[in-house]
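**Q** Guided by the hints, dock chain B onto chain A, whose structure is given.
Which chain is which? The protein sequence lines are A and B, in order.
Residues 4 to 142 in this note's numbering are what the first sequence spells out, letter by letter.
Residues 501 to 925 in this note's numbering are what the second sequence spells out, letter by letter.
Everything labelled a hint here was simulated from the structure, so no lab data went into it.
Take the hints with a grain of salt, since some may be wrong.
Said to hold, decoys possible - With a Cα cut of at most 16 Å, we get these calculated EDC-like pairs of lysine to aspartate or glutamate:
1) B:K919 <-> B:E821
2) A:K94 <-> A:D113
3) B:K755 <-> A:E64
4) B:K919 <-> A:E64
5) B:K916 <-> A:E64
6) B:K919 <-> A:D102
7) B:K831 <-> B:D908
8) B:K658 <-> B:D630
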Amino acid sequence: MNEVQDEIIKEFAPFGDNLLDKYIYLVELGKKFVPLDARYKNDQTLIRGCQLTTWFRPTFENGIIFFHADSSSVLVRGAISLLIRVLSGQKPEDVKKIDLYFIEKSGLRDIYSLIRANSLWKIENLMRQAAASYEKKYI
Amino acid sequence: MIKLFNFLKMADTQKKSAFDIIKIRKDFPILSQKVYGNPLIYFDNGATTQKPKIVIDTISKMYTEYNSNVHRGVHFLSAQMTEMYEIARGKVQKYLNAKYSHEIIYTCGVTASINLVAYSFGEAYIKEGDEIIVSEMEHHSDIVPWQIVCERKGAHLKVIPFNDKGELLMDEYKKLISSKTKLVAVVHVSNSLGTINPVKEIIAIAHEKNIPVLVDGAQAVQHGRIDVQDLDCDFYAFSGHKLYGPTGTGVLYGKEKWLKEMPPYQGGGDMIDHVQFEHTTYNELPFKFEAGTPNYIGAIGLSTAIDYLESVGLEKIKKYEKELLNYAMEKLSAIDGIKLYGTAENKICILSFLLDRIHPYDTGVFLDRMGIAVRTGHHCTQPLWAHFKTEGAVRASLVFYNTFAEIDALCDAIKKIQKIFLSQP
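One chain only, chain B, in its complex shape:
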């Protein structure tokens, strides 16, 4: 009966949207489970997204019927897997609208992608006294690798500040650019605030001075089409697991010019042309940056996730997620004693908040016991929270398989938590 009620409630609230949410949710088996006796409400998509059945089935099929190491085999299975692996690369290329498939480097995630550039670009181009620009809202993965380069090379990190709505101060950015600037590294969408940064403008400004730009797209690729040629970014990094693909997969897009010039990051098999003790020559792109056995089945899983998103429709997803955002912001704002962080005009459905006099950890634990999975803490953006003079917040991050009814449930749960914590002992 309760199950029927929830289903009807979902169907009713979904009338707000033309999106066929019931069909979509059936594609994600994990969403139908219960936690602590409650239907799971998964609002931790900023950390990782759930996987559609077709991705899970593809990975299983690959290991069951096709598994063989790529690139080195003369036998049937290896040749077949190599072909599928390279077709998958082509799909990523198409998804990002990269000019060449060899501009797509497989990594194990966005962190690895950024570290690759930080090391390799840093080795080739950064010297003492140079400057690298990042923003105040970067994930630690787009701060620490640059700090390591700066320490190694004697360079300096410069930081673009943001306003209290969570929007980058573009005038301050322009002031930071100088003849010492060697690279700008900026997040496309903030994982803590949801802000969609004006990366095209940031890139254009940097390019006026011939400064390359790396974009951390970890929270952007899953919410709409990315066109690296239109953005004109020099590097674009993301993780497969946030794009409904498998964990341990990631991509670095780099313009051919840079990738050709940059030295290899890691040495090993596959990245070599010819090895001698006296001197080793390196493989052509993209293999120069893919040392060792790659996660080829992961890459195929990722390309399957891309196919799935394309079949749902990226524009439809974007439109529906915007409807979710508008609804959630309206509902959450109406709750007494809540403070929302990240109120930029242009943002995705990431809802960070604090409840008056209730620690975010406590809120998160209670939401969990009510079946609602959120993330609490600093979300690997400690400098961002220092801006707001707090150590972190509760973050509900929604995607296209979430529903209006789930937002209602979150708001009800928050009110219950306030009652529990704020009543007199």
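So that you can see chain A by itself, here it is in the shape it has in the complex:
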């Protein structure tokens, strides 16, 4: 997982302190992101934020946890895609305890901490909660 985090940090390094360019890059990631299949968008997967509608669905196969999501905001979708790159396809115990240092080191704390307005903080928590719950149930 940390290799992926380091990869992301490298991807964002050329933007330096230019927050706008980082956001433009997130938008590009958001456009390319494969969102949660429409058939899984329901009340169980819905996260209603102050301004945004976001969907989140964890699945579990052979001891590995996978995350699927979507958001009405392309920018947030791009930010979610990074969380998924790091955390999806991993063992629940690893997801639970990982230090997501890429957020700070990529200079993305700003976008991940707009607490009231977007649902990113909830997504991160839900990923960890899902990992804990699968671990308890299956391992």
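**A** Showing chain B alone in chain A's frame:
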């Protein structure tokens, strides 16, 4: 060099108006700062207005040299502060052209003002089966307090609809009035659409049936003179922080007749005449509705803001803001892929819009990173946005310290955002 260019650009576009904008902007220290390396363009005035230096200095001076609790002290400082506090009340009275200064109740904001009336008027006059009329474009602060009264008393809320331009349907309003109607509560200027509602007509219609009217003036007081006697409203509520004054200040104007009859809202110090365990009698107006230590320095800050506006000239402000509105509407309408909400004939410079295929949150975040502060979301008017079958919009709300050059910058930024979001990956 860039600074000089911006200054010259501002000076050039300002030739469109006779308003001395460069001088005005110097009165607001916060406007000269940069955000993310860009000059701040503050278009979130609907949420709160910036404070002129004279207000900031007055508050600082009050705490430095004059602070003392009002009304109860026998000493010099308290007497002095009490006098200033009551002079400030007189200035608000004059600003609203209220008949008596005791019709001016200080609150902590428009929400508190409306809640005061909802509770107190509701206790005295609303009973099961009664009806309260609000409009479809109300701020949540002028919906929820009435819903709470309705729940408590078994009364019902009736809603005046509006058309797609954002204008109230007056014929529908007339149909809603009945013998069950006990109060009409309506917004003077819509915070989401900018519509200036025909409140004088709304009041006259209600008064034909002796129904009192509360006007939510949160977005109106800062854009021109209010005359509560001419409007003949029964209650008028506003917040000081939207009138270039300090946060935590607000006003409820109420006709003497109602305020005398209504029971107190909150109990405590200052609102009492005589307290005994068996029975307590209440103070005279306005103190009956001002329990506890009031925000007296805030009130003086608010009256300083009023003095400042008077010195600039309310008519000049109104005229200039209308020029800004006309310019902005023309420029924004010319952008492809934009939908403007709130196109009433009579409106203030509130510009709500959505960009095709771009979420308002995304637009707002990108505008911010370009130095332009706007508000996104439902702006506490969810029923209003339900009318338009959307969950909210981007809102740029302009006042007299904004410029034509800033409107140009907004339009340029919108075009950049469209390019970023709508290009193929």
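**Q** Hint check: K94 (chain A) vs D113 (chain A), CA-CA at most 16 Å. Holds or violated?
**A** Cα-Cα ~28 Å, so violated.
**Q** Within a Cα-Cα threshold of 16 Å, do K831 (chain B) and D908 (chain B) meet the stated pairing?
**A** holds, 8 Å
**Q** Within a Cα-Cα threshold of 16 Å, do K919 (chain B) and E64 (chain A) meet the stated pairing?
**A** violated, 40 Å
**Q** Please work out if K658 (chain B) and D630 (chain B) have their alpha carbons no farther apart than 16 Å.
**A** The hint holds at about 10 Å.
**Q** Does K919 (chain B) pair with E821 (chain B) here, judged by a C-alpha cut-off of 16 Å?
**A** Given pair K919 (chain B), E821 (chain B) is violated - Cα atoms ~30 Å apart, limit 16 Å.
**Q** Sort out whether D102 (chain A) lies within 16 Å of K919 (chain B), counting only the CA atoms.
**A** violated, 35 Å
**Q** Does the alpha-carbon distance linking K916 (chain B) and E64 (chain A) stay inside the 16 Å limit?
**A** violated, 43 Å
**Q** Taking 16 Å as the top limit, are the C-alpha atoms of K755 (chain B) and E64 (chain A) close enough?
**A** Roughly 70 Å separates the two Cα atoms, so the pair is violated.
In this structure, the hints that do not hold are numbers 1, 2, 3, 4, 5, 6, in rising order.
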